[in-house]
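Colleague: One letter stands for each residue in the lines below.
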Amino acid sequence: MRQKLYGHLQALENEAIHVFREVAAQFERPALLFSGGKDSVVMAWAARKAFHPAPLPFPLLHIDTGHNFPETIEFRDRFVDEMGCELLVRYVQDSIDEGRVKEELGPEASRNALQTVTLLDALKELNVDAAMGGARRDEEKARAKERFFSHRDRFGQWDPKNQRPELWSLYNGRKNPGEHFRIFPLSNWTEMDVWQYIHLEEIPIPELYFAHEREVVRRNGVLLAHTEFIQALPEDEVSVETVRFRTIGDATCTGAFESDARSVEAVIRETAAARITERGGRSDDKRSEAAMEDRKRQGYF
Amino acid sequence: MSPGGTYAEMDLLRFTTAGSVDDGKSTLIGRLLHDTKSIFEDQMEQIEGASRKLGDEGINFALLTDGLRAEREQKITIDVAYRYFATPKRKFIIADTPGHVQYTRNMVTGASTAELAVILVDARKGVLTQSKRHAFITSLLGIPHIIVAVNKMDLVDYSEDVYEEIRADFRQFSTKLTVQDISYVPISALHGDNVVGWSDRMPWYEGGSLLHKLETVNVGARRNHIDFRFPVQYVVRPNQDFRGYAGTVASGSVSPGEEIVVLPSRFATTVRSVETFDGPREEALAGDSVVLTTEDEIDISRGDMLVRTKNVPVVGDRFEAYLCWMSEEPMEVDRPYQLFHTTQQVQAFVDRIEYRVDVDTLHREKANLLELNEIGRVEITTSRPLFFDSYRVNMATGSFVLVDPHSNVTIAAGMIRGEVSRVPEPAAEAEVTAVGSPVSPDVVWEEWNISRAEREEKNRHRAAMVWFTGMSGAGKTTIARKVERVLFERGIQTMLLEGDQVRHGLCGDLGFSDADRSENIRRVGEVAELFFEQGSVVICTFVSPFRADRQAVFERLPEGKVLEVFVDAPLDVLRARDPKGLYRKEDAGEIELSGSEAPYERPEEPDVAIDTSAIDVEKAVALVVARLEALL
Ligand SMILES: Nc1nc2c(ncn2[C@@H]2O[C@H](COP(=O)(O)OP(=O)(O)O)[C@@H](O)[C@H]2O)c(=O)[nH]1
Numbered sequence: 001m002r003q004k005l006y007g008h009l010q011a012l013e014n015e016a017i018h019v020f021r022e023v024a025a026q027f028e029r030p031a032l033l034f035s036g037g038k039d040s041v042v043m044a045w046a047a048r049k050a051f052h053p054a055p056l057p058f059p060l061l062h063i064d065t066g067h068n069f070p071e072t073i074e075f076r077d078r079f080v081d082e083m084g085c086e087l088l089v090r091y092v093q094d095s096i097d098e099g100r101v102k103e104e105l106g107p108e109a110s111r112n113a114l115q116t117v118t119l120l121d122a123l124k125e126l127n128v129d130a131a132m133g134g135a136r137r138d139e140e141k142a143r144a145k146e147r148f149f150s151h152r153d154r155f156g157q158w159d160p161k162n163q164r165p166e167l168w169s170l171y172n173g174r175k176n177p178g179e180h181f182r183i184f185p186l187s188n189w190t191e192m193d194v195w196q197y198i199h200l201e202e203i204p205i206p207e208l209y210f211a212h213e214r215e216v217v218r219r220n221g222v223l224l225a226h227t228e229f230i231q232a233l234p235e236d237e238v239s240v241e242t243v244r245f246r247t248i249g250d251a252t253c254t255g256a257f258e259s260d261a262r263s264v265e266a267v268i269r270e271t272a273a274a275r276i277t278e279r280g281g282r283s284d285d286k287r288s289e290a291a292m293e294d295r296k297r298q299g300y301f
Numbered sequence: 001m002s003p004g005g006t007y008a009e010m011d012l013l014r015f016t017t018a019g020s021v022d023d024g025k026s027t028l029i030g031r032l033l034h035d036t037k038s039i040f041e042d043q044m045e046q047i048e049g050a051s052r053k054l055g056d057e058g059i060n061f062a063l064l065t066d067g068l069r070a071e072r073e074q075k076i077t078i079d080v081a082y083r084y085f086a087t088p089k090r091k092f093i094i095a096d097t098p099g100h101v102q103y104t105r106n107m108v109t110g111a112s113t114a115e116l117a118v119i120l121v122d123a124r125k126g127v128l129t130q131s132k133r134h135a136f137i138t139s140l141l142g143i144p145h146i147i148v149a150v151n152k153m154d155l156v157d158y159s160e161d162v163y164e165e166i167r168a169d170f171r172q173f174s175t176k177l178t179v180q181d182i183s184y185v186p187i188s189a190l191h192g193d194n195v196v197g198w199s200d201r202m203p204w205y206e207g208g209s210l211l212h213k214l215e216t217v218n219v220g221a222r223r224n225h226i227d228f229r230f231p232v233q234y235v236v237r238p239n240q241d242f243r244g245y246a247g248t249v250a251s252g253s254v255s256p257g258e259e260i261v262v263l264p265s266r267f268a269t270t271v272r273s274v275e276t277f278d279g280p281r282e283e284a285l286a287g288d289s290v291v292l293t294t295e296d297e298i299d300i301s302r303g304d305m306l307v308r309t310k311n312v313p314v315v316g317d318r319f320e321a322y323l324c325w326m327s328e329e330p331m332e333v334d335r336p337y338q339l340f341h342t343t344q345q346v347q348a349f350v351d352r353i354e355y356r357v358d359v360d361t362l363h364r365e366k367a368n369l370l371e372l373n374e375i376g377r378v379e380i381t382t383s384r385p386l387f388f389d390s391y392r393v394n395m396a397t398g399s400f401v402l403v404d405p406h407s408n409v410t411i412a413a414g415m416i417r418g419e420v421s422r423v424p425e426p427a428a429e430a431e432v433t434a435v436g437s438p439v440s441p442d443v444v445w446e447e448w449n450i451s452r453a454e455r456e457e458k459n460r461h462r463a464a465m466v467w468f469t470g471m472s473g474a475g476k477t478t479i480a481r482k483v484e485r486v487l488f489e490r491g492i493q494t495m496l497l498e499g500d501q502v503r504h505g506l507c508g509d510l511g512f513s514d515a516d517r518s519e520n521i522r523r524v525g526e527v528a529e530l531f532f533e534q535g536s537v538v539i540c541t542f543v544s545p546f547r548a549d550r551q552a553v554f555e556r557l558p559e560g561k562v563l564e565v566f567v568d569a570p571l572d573v574l575r576a577r578d579p580k581g582l583y584r585k586e587d588a589g590e591i592e593l594s595g596s597e598a599p600y601e602r603p604e605e606p607d608v609a610i611d612t613s614a615i616d617v618e619k620a621v622a623l624v625v626a627r628l629e630a631l632l
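Just so you know, the sequences run in chain order A and B.
Counting along the first sequence from 1, when you hit position 138 you're at 138 in the working numbering, and nothing is skipped either side.
Counting along the second sequence from 1, when you hit position 303 you're at 303 in the working numbering, and nothing is skipped either side.
Some clues are possibly wrong.
Stated by the list, open to error - Pulled from the structure, derived: some chain B residues nowhere near chain A, Cβ distances all over 12 Å:
# : residue
1 : HIS191
2 : GLY207
3 : ARG272
4 : SER383
5 : GLU454
6 : ARG455
7 : ALA576
Said to hold, decoys possible - Once the Cα atoms are required to be at most 20 Å apart in a straight line, the calculated EDC-like pairs of lysine to aspartate or glutamate come out as:
#  : chain 1 : residue 1 : chain 2 : residue 2
8  : B       : LYS310    : B       : GLU259
9  : B       : LYS561    : B       : GLU629
10 : A       : LYS49     : B       : GLU259
11 : A       : LYS49     : B       : GLU629
12 : A       : LYS49     : B       : ASP241
If you are wondering where the hints come from, they were derived from the structure by calculation, not from laboratory data.
Just so we're clear, the structure is a prediction, and the values are computed from it rather than from any experiment.
Here a beta-carbon is modelled for each residue, glycine too, at the ideal position from N, C-alpha and C.
Bound conformation, chain A alone (with noise of 0.2 Å):
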């Protein structure tokens, strides 16, 4: 028997695989939002352990900005063959070329935002009634208060004043025809669990996460990965340095930062020593202080 699980991980992973189960048992077409970054993986991970060995139940289905570092598509085609899943993915460039949304402009141009367009139209398209993340309750005060099955209205809206409350481990997912769940099995994970479930695990994730040369812009006190997306402005720094990603969302906005962690243990140093949230080197949260809310409200996980 290989038991590497002990104590508050263990207790972690069984609760996400208990709300797999039932999101497996009380919906109809499931769908488990997959990115390549390392909450989706660490999500994906645990969800086939739920129901081994019959594969996965449901299908992984990849909201593609278009904005992508190249490492993390080559990895999440990988990772998906390995586990053997099913993988859809929908891109926000057809939704600006059907004209449901208007990219931005100017060199602070994000797709973040536009995201959610493709992501509520792929949502409607596919028929799926529960839409599972990797967000966790320790990123971003806003959610704190998120439950692990998150209700969402016609219009694919959270209302944080109407809120199911959810006592024990008892699920409500009970809802009108139209309406749709977000369902979070990771909430109660921290940076540091996510991060020691990886490596007790040995799970498999992007080298964007580990410390690698690469030519970046400087910009607001943020490191951004110079790319094709990217347009250096005349008052920008370029140069090379050793950076590692915390996150790796839209390539536009994905804040590097300086590192020589270049290994899952000296990753996991690094965070126990750091001093910075993970979501502080995103230039999307940093537009307001209530930019994480606003966006959640119109459907942005």
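Following the hints, complete the assembly by docking chain B with the ligand onto the known chain A.
Modeller: Coordinates of chain B with the ligand only, in the frame set by chain A:
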């Protein structure tokens, strides 16, 4: 520290905080997070900035925990928020719930998963109605530990008298509750006194800091480790050759080879294997998410429950329960609701409201309906039978929620007391439930007619339990008998329970399989608790090979009432002594003894450890008596 080391082995404590508005709850949580270095620099900058915007002086820790905009504007917390921090010993999840009159529902929600409640009391105001309400809800929800944090000690000159008065008040009130363990700590959340470290501004206070208490309290006391219940959550069937039942062990434990029955069909079968992604296991314990396979092909589906042949829950469609109403729309008798219980969803009616509890005075009132934030005792009928235990005995199979079939919103939280007709009318005015001993599920626990406190007063000593564990021949009984004699001669009321004795009567039907050994100890625990409640020093001498069984017995008693004595000697000495000829029988293959072949799990931290090959009996007796005196 290796990265996979200490952190990966920490345990988890979920606790909730309760206090009235402005008692300093947010400040306390902010302080805990800050002093345990769980606040990041960018968060700190954000709240420093926001503090200035709102015109606060210095840093307003409360902003850390106030997440939503409406609350920031109204300066109130309106929901349950979860916070995380870790120390090298433990990971903590805080369910932060507000103390407004109208938010009982939030506190109930936050308390439903908590193992401990921190109740804040403002030192200047003392024990208010709200504090009592918080304590009542804590008790109703079966939280085994309360820490009363007397805050704002800086505003009362760190006065011992003020603190002692509040402590006495709270203690008096709490006799009406059945929380097992209440402790007190004087703090200043604002200045950090006694929050993380001990404060020299209150030299008269000798207990540990709040964090110290949080780090050392027993976890797992809420779980029932005895009665195996496995609500089937999902059937895993990848192909014709594999059929498994996925679920979380709600209570008790299960191993391959054990006989089980399926509810409601009552088919009996045997557990073939306990499967996980990481390979088959020899055992699954309460809280584990696993897949069970059975020897026989029988029809089992979601909503069924797997239990042990000789230990089944109540199967019934009528029961009594406490209900906390959580919706703006009042509860109505004879309206259909949807009821969620374990993995079952059924239709349910509330047949009648027995009474409503005034959460401030704990008085009962006649009522025809329950409104938002009201708690009442009701009778419920369901469209199909549920498999339930009383909440006190088994939180996982005694809890349910009601859902409005039209809006689909969760509108009530329920705690089952027992079957309708079989619940005797409680005598006490303020009868309140709490988790405790695993009594037979269809019996509802009532307060003792004469309380232990009264009996202890009459006896002029406190009750306690001394538990001798160790392998056969180690010398447990010899020491225990002498200990009892010494106590008896000092006028202490005692009772001695011995392994061989109960095997002839109480447990005469049991053999020596692992399951039977566990059951043996469970029964002994029951009896020992009775003697304890009757005010005796109850001395038990049992091999009791399994740590979990011993732990389960100890957890029945309030903390600090048990002395675990481990009596040991090297195996060759035991064999040479062999007072009952047991080792000889074992060698002849007639029996299996704990310790030599069958497993014996040594206590990790016994209160007294005696090696009888090293010290003589008199010395051992003196050692035990000396340790025991402190408890009496
Ligand atoms: N002097 C003093 N003030 C405190 C203490 N704890 C909290 N406060 C103040 O009491 C007020 C209310 O505190 P807050 O944490 O917002 O209370 P909550 O409503 O319970 O969350 C704030 O002005 C705090 O600064 C304390 O230990 N001493």
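Colleague: All hints are to be evaluated individually against the structure, with a verdict given for each.
Modeller: The hints, checked one at a time:
| no. | hint | in the structure |
| --- | --- | --- |
| 1 | HIS191 | holds (24 Å) |
| 2 | GLY207 | holds (26 Å) |
| 3 | ARG272 | holds (14 Å) |
| 4 | SER383 | holds (16 Å) |
| 5 | GLU454 | holds (35 Å) |
| 6 | ARG455 | holds (35 Å) |
| 7 | ALA576 | holds (36 Å) |
| 8 | B/LYS310 to B/GLU259 | holds (9 Å) |
| 9 | B/LYS561 to B/GLU629 | holds (11 Å) |
| 10 | A/LYS49 to B/GLU259 | violated (26 Å) |
| 11 | A/LYS49 to B/GLU629 | violated (51 Å) |
| 12 | A/LYS49 to B/ASP241 | holds (19 Å) |
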